[in-house]
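When we follow the numbering used here, the leftmost residue of the sequence shown carries the number 1, and every step to the right adds one.
What the hints contain is simulated information worked out from the structure, not anything from laboratory work.
Cβ atoms here follow ideal geometry from the backbone N, Cα and C, with glycine treated the same way.
Cβ pair distances, simulated, as ranges:
| id | residue 1 | residue 2 | range |
| --- | --- | --- | --- |
| 1 | Glu132 | Glu27 | 40 to 46 Å |
| 2 | Ser81 | Met209 | 31 to 37 Å |
| 3 | Leu59 | Arg122 | 22 to 28 Å |
Simulated crosslink set (EDC-like; lysine to aspartate or glutamate; CA at most 16 Å straight-line):
| id | residue 1 | residue 2 |
| --- | --- | --- |
| 4 | Lys10 | Glu93 |
| 5 | Lys242 | Asp230 |
| 6 | Lys15 | Glu27 |
| 7 | Lys54 | Asp64 |
| 8 | Lys242 | Glu229 |
| 9 | Lys54 | Asp158 |
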Amino acid sequence: MAFPFFALSKNAWMKPLAYATGDVTIEVRPSARGVATIYDKEIVLYIASLMAAKIDQDLPVAQDFTFTAHDLFSVTGANHSARSYARLADALERLQGTQIRTNIEAGGEGEEGFFSWLSEARLQYARSRKGEKRLKAVRVRLCDWLFRAILRDRQVLDYATTYFQLGPIERRIYEVARSTCIEGEPLTIDLATFRLQIGFQNQLANFRMAIRQIALENAIPDYDLQLIEDPAPPQGGSRGRKTGQARVVITRRPPELVSELAPELANAPELADADATDEARHDLDALDPVPADPTEAARQE
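Generate the whole structure from the sequences, applying the supplied hints.
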């Protein structure tokens with residue numbers, strides 16, 4: 001969670017992403033529908049958290065998972081409109097199509113070359129008694145890298161209830177804070193470095209304005225965020241407005257002030273492995289209704 005693998009956008013982001021420090025390199029290439037976004041990541045979090053729950057219960061875990069859109073939307077707070085189903089299809093395509101290359105090891109193993117978050121992603125449909133096309137299940141297969149990261153490294157953390165209501169920058173701030181902050185010790189980082197870690201693609205001045213507003217609202221779950229701005233240096237004879245140095249300080253709130261973490265992710269309906277879908281089947285009349293062309297329906301909604 002500490003590194004920027006996803007685009008901070010709700011719309012298609014067609015440009016490659018890159019992140020590099022002395023120890024970590026990340027390269028992300030877009031699919032035909034763009035780079036997987038921070039909103040597409042909701043699917044990964046849903047699968048990963050339920051996978052972690054299986055591990056905690058000493059249940060067998062495979063890379064294949066089957067779930068319903070209804071269960072996913074119930075956790076993420078999405079409505080059950082045609083637009084949501086169309087976005088789900090697009091998100092799965094981006095998660096499977098986005099190409100990632102990184103030197104970050106998972107489960108004690110590294111990989112050369114590119115991988116995708118999902119090596120397989122399918123929407124399974126059925127027909128109701130009235131002949132309507134309905135979404136029966138979503139089948140996905142986690143990539144080897146992500147599977148190892150969860151299974152061996154346990155790289156899954158609990159998320160606050162309000163995470164799915166946060167904007168893209170706030171989500172990333174929460175993720176960075178959750179993965180790097182130590183209780184009782186504030187995290188201090190200069191604004192330029194923080195911008196790169198968040199994955200903000202616009203200018204530093206725009207990022208400063210965004211962080212200033214976020215700090216004012218103080219809406220990051222479980223954490224307080226401060227933007228400390230030094231006075232601007234003298235203008236002298238140079239043109240252009242100068243700004244002072246800035247840094248961000250993130251502090252975990254004391255336990256008595258920390259908002260209670262919601263059980264939605266840990267207690268969401270358990271995923272069925274691909275070879276056990278019969279146990280999770282519903283009557284066709286109770287399945288999630290999806291128009292024959294969800295993309296067209298979304299445009300008309």
